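Protein sequence lines, in the order shown, are assigned to chains U and R. In terms of the working numbering, the first sequence has 27 at position 27, counting the first letter as 1, and numbering is strictly consecutive. In terms of the working numbering, the second sequence has 82 at position 82, counting the first letter as 1, and numbering is strictly consecutive.
Hints should not be assumed to be uniformly reliable.
What the hints assert, rightly or not - With a cut-off of at most 16 Å between alpha-carbon atoms, the simulated EDC-like pairs for lysine to aspartate or glutamate come out as follows:
(1) R:Lys-56 <-> R:Glu-24
(2) U:Lys-132 <-> U:Glu-216
(3) U:Lys-223 <-> U:Asp-124
(4) R:Lys-30 <-> R:Glu-14
(5) U:Lys-132 <-> U:Glu-210
(6) R:Lys-44 <-> U:Glu-144
(7) U:Lys-132 <-> U:Glu-165
(8) R:Lys-22 <-> U:Glu-210
(9) U:Lys-206 <-> R:Asp-26
(10) R:Lys-44 <-> R:Glu-24
(11) R:Lys-30 <-> R:Glu-46
(12) R:Lys-22 <-> U:Glu-154
(13) R:Lys-77 <-> R:Glu-95
(14) U:Lys-244 <-> U:Asp-107
(15) U:Lys-224 <-> U:Glu-66
(16) R:Lys-30 <-> U:Glu-144
(17) U:Lys-206 <-> U:Glu-144
(18) R:Lys-56 <-> R:Glu-71
(19) R:Lys-22 <-> U:Glu-144
(20) R:Lys-47 <-> R:Glu-14
(21) R:Lys-30 <-> U:Asp-171
It should be emphasised that the hints constitute simulated quantities derived from the structure, not laboratory data. This structure is a prediction, so every number in the text was calculated from the model and none was measured.
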Amino acid sequence: MYQYFYDALLAEEKYARPITIIENRLADLGLQGRVSRLNLFRDPREFILEAVKRGVDTVVAVGNDETLSRVVNAVGDLGLTVGMIPFGPKNEISKILGVGEGLAACDCLANRLIQKIDLGKINDFYFLSHLKTNSAVSLRQGGEYSVRSLGKNEVEIYNLPTAEERANPQDGYLEAYIKPAGRKIFGKISGKNSPRDVSSYFPIRKVMLEGGKGAEILVDGLKKINAPAEVQIMPNQLRIIVGKNRLF
Amino acid sequence: MFKEFYPKDQTDVETLIGSSVKVEGDFVSKGNVTVEGVVCGTLKTEKDLKVGAGAKISASVFATNAYVAGEVRGNMKVNGKLELTDTSRIYGDVEAKTVVMAAGAVLNGKCTMGHDTVLPLPPTAAADAALAAYKKNNKK
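Chain R with its partners taken away, still in its complex shape (with noise of 0.2 Å):
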């Protein structure tokens, strides 16, 4: 359903924390990413984070687009697209211009998505306008 995030040679991957590594502190990196092991802290990259099923990271991340398998703990911003596979996990708010969420994937925090000049209404003007809206249906 997903197709591979790299060229399966990986020749663009430029960082790749392997299932027996732990990175602790404040990692910055200015090409690709890919996590398999475990990061505490902050992860910052300029490209594109993959995050693999069996990674854990407990860290605030940060990325142009990001496709995530394994587990995260921590708040996601995203420039542009983030994927989130059937496995993945995350516990914190998340950030992005675009969500793709496959079955099974599990987000509990607050998601944001879209332009930033695209304001949210407050609640109460949504669930007004959500009423306005059935009572002019169910008139006709």
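Chain U with its partners taken away, still in its complex shape (with noise of 0.2 Å):
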């Protein structure tokens, strides 16, 4: 049985013709299910919850990176499938997933091929692609060791691969990646920063994100959570419907 979360930009005038053609498509391949609306003060969990209890057994986020974001970290740990139909700007995700636009989205729907991948966790949120702050921030892997910048950095923490950022989703670690501050302008080292300051990046299993006052961490583009927090991998954590054209 299927469930699906439309995001709150739906509502639109301008998408009312494309959610028909798509509704009609997942009609006829059998994949029809109920439809809940997200908005920004309920809790996609309490749906899902719901759903699950009578029966539901996939999730379909219907929407942008964000709706999948949502919708995954309400998931959690639930042991369900989450599946994704793109709408709208800021829709990258769905090209590492391989997941087409539009009719090709159903079709990967109905094609229901399911890989197990990791899931990203910071304190108790979880996130799908990766996490970013600006502050100058530290990380301690337990005991064993604790990596610091000597100069302004960015951290960031990527479970996804992105066209620069290179992660595997499925080999039980988050890559992180500590860049210097002001690295790119239009795709150009600055001026200010010497040309062998290159980033770092090292496979991390569970780290502490510890900072200064103040320094905030933004998770999936979309949940502030101020350091220090702990961010650790939860591997094959989470069954999602690919497309053949997925970047891992």
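Two chains, each in its own frame: build the complex with the hints.
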């Protein structure tokens, strides 16, 4: 059984016809299910827990990266399968997963190519893609070692790969990047930094992110969490529907 | 003179410690490691280690193969080949199967090379053997 979560942006007039086309296609494929509309005031986890009681085993996020992130965080460790139909701007994760757009996304759901991937967790919040912070934050891996920057740096932690950062969501590690701050202007290294100031990267399993007062961590571009925060990998935690052209 | 230790795109490098980063403690990796910054404590990798020209390591180092162009203050144990470039500075004991040392490299410490089964002669026995060979050659 399927449960669909529509992002609030799909209430706009311009999405009415595309949504109708998608819904017709899903009905033709036998993938119809109950629809819930997300908004800022309701936690999607409430919908999902109700859906689990009804026997739903697949949850589909219809919207953009933020929609998928909210659904993934709500699913967490419930063992459900997650799918996606991308709509609107800010849809980078769908490209990484190899999910097409429009009718191609429906066909991807029907093919039901499922992969188990790692899920990141920061404190009690699950994240699918990445964390970013532009404050002076240091990493401490248990009682083993600590990493701190000697200059102004940005710390980014990735679970999914991007065009610039490599990561493997099936290797049991998160990839931590420490990048010199102000490094890029239109893709080129700025004059203030030496060309030898390269980014550092290393695989991590569980670290504490520690920073000064007011240090904030942006999770999946959606939620801000204050440092210090514990970040860890949950290996093979999430079942997700992917396409053949995925980047991992 | 020395070939690139890794492919130029460094796709095999699993860990890169950049020039503006300091690592303190016991750092253990299962893949290739490149150090361009500062490491204090212990550095262990099951694969290859590359120490850049600007790197400063104050640690005990363990690796399968190592290419050193920077500074290492501590003992190094390399199971395979240890390459020291002209800018390398090692202050500590080194143990490796093979050592390749460029002119200008600095190594201040004990150096142990070769297979584990071949035990080095004690200093007095080696000197006696050299003296005996000299006398034998000079008698002729």
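Please name the hints from earlier in the document that this structure breaks, with their numbers sorted from lowest to highest.
-> none
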